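All chains should be built: construct the whole structure from the sequences, respecting the hints.
Chains V and A, in that order, are what the protein sequence lines are. Under my numbering, the residues of the first sequence are numbered 963 to 1197, in order. Under my numbering, the residues of the second sequence are numbered 963 to 1197, in order.
In case anyone wonders, no lab produced these hints; they're calculated from the structure. Note that the coordinates shown come from a computational prediction; the quantities given were computed from them, not determined experimentally. Please note: incorrect hints may appear among the correct ones.
For identical chains, the list gives no copy identity; a pair is met inside one copy or between any two copies.
[Claimed, not checked] Distance condition first, Cα-Cα at most 20 angstroms in a straight line; then the derived DMTMM-like pairs of lysine to aspartate or glutamate: (1) LYS1139 - GLU1118; (2) LYS1189 - ASP1154; (3) LYS1189 - GLU1138; (4) LYS984 - ASP1014; (5) LYS1013 - ASP1124.
Number of protein chains: 2
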Amino acid sequence: MENPTDDYKIQSFDLDTQMLLKTALKVLFLSDPSSVNLVKVSNVIVDQSLKDQVFSKEAGRICYTIVQAEAKQNNGSVFRRNMLNRLQQEFKNREEMRGRSLQEWVCYVTFICNVFDYLKVNSLGVNNMPMVALVHPVYDCLIRLAKPDALMNEEEVRKNVDCLVLQLHRIGEQLEKVNSPRMDELFFLLRDGFLLQEGLSSMARLLLLEILEFRAGGWLLSGTAHKYYYSEIAD
Amino acid sequence: MENPTDDYKIQSFDLDTQMLLKTALKVLFLSDPSSVNLVKVSNVIVDQSLKDQVFSKEAGRICYTIVQAEAKQNNGSVFRRNMLNRLQQEFKNREEMRGRSLQEWVCYVTFICNVFDYLKVNSLGVNNMPMVALVHPVYDCLIRLAKPDALMNEEEVRKNVDCLVLQLHRIGEQLEKVNSPRMDELFFLLRDGFLLQEGLSSMARLLLLEILEFRAGGWLLSGTAHKYYYSEIAD
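Quick look at the structure:
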């Protein structure tokens, strides 16, 4: 059986947490969820996501694995519920978080987008629908990254634009399908940032321009645009 | 019968020239081409195009009308041949022209693009093919407008970018169909200009960004992009 934590730097946790995660997953797969504290597991995953950007990029897949296992047990959805509650709490405090730590904020956005990407619902007989409850929070986060005051100093621009562009490559198309007016709102901001913001570095401009062409092409980059953007970066 | 010169400010010519053009067209439609000096007519049209930007935007249609009438007479193609010769001569001297007068150069580019747009050939049973002989000169002109040294001072940028964007809206798609590598070359320059050129005004950026999205969308602007670009200009 595949161990879904192997890929995600489980070594980066402290030993207790490593044990907890390993036990959680083992127990879930051995069908005895009652013996592991799934509230604690979900908290560990959220906490680690907020600290570790590499982890936050893939944590959605761990969550997906646990949610699936939990659903098979028919034993409530402690993990899922707690994880979404934590996401919501942090969302409410996002401005405070932004003020406290840009790094944490960008990790949070990465995590919520990754959860949006992996956790789907089966609704009205349609499989793999995005979770409606996450659509507006995800948009709020992405739009926050693109607001003029988030594109002021170089360090912040780099972090915000990197994050934004990564998320749009991953989930932009899905997001637009469920709510296109908010995607329009986000792209109005991106174009404005691009056209009006004086201090953007060439790299930030390059990333933004690519994402504008990417969406204009129906979330696809033409061969020649790909060549331009990816060989320029290699230069 | 439609008089094809009515729309194009025939009043802006001096009286002699107005007479010449009117006679030319009348005679052509009355089927007696030998009585008018078509070399002179073609020279007048080229000369006026180089002086008058409004005229240069529509002169291709006048040329088209005369070429069609001339072809029906089966009496050689004096007008067409001389007009293309003049275009070629001016093309050879384009760097000198650019140095002498930016205005004249931009008029020339507008005119050759307009001729490319209107004058088609019927080849191998396929109607309405662009004239192959014009493809490279047209690309050379557009690429010249986008070179770094043409995007230096504000006045020049405005003239060059306005012209470039107008031509690409009109003939970009046709040009790409007949030679896509050169369109790629042009767009590499446009992206570079956009990303690297420090002194571009917001309006130049806006126009360039729109044309980049326009091509990325398959020479179509999405509804939301249209709203962005055209309501911004109205503001």
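Hint by hint, here is what the structure shows:
no.	hint	verdict
1	LYS1139 - GLU1118	neither (29 angstroms within a copy, 42 angstroms between copies)
2	LYS1189 - ASP1154	between (26 angstroms within a copy, 13 angstroms between copies)
3	LYS1189 - GLU1138	between (25 angstroms within a copy, 17 angstroms between copies)
4	LYS984 - ASP1014	within (19 angstroms within a copy, 77 angstroms between copies)
5	LYS1013 - ASP1124	within (17 angstroms within a copy, 49 angstroms between copies)
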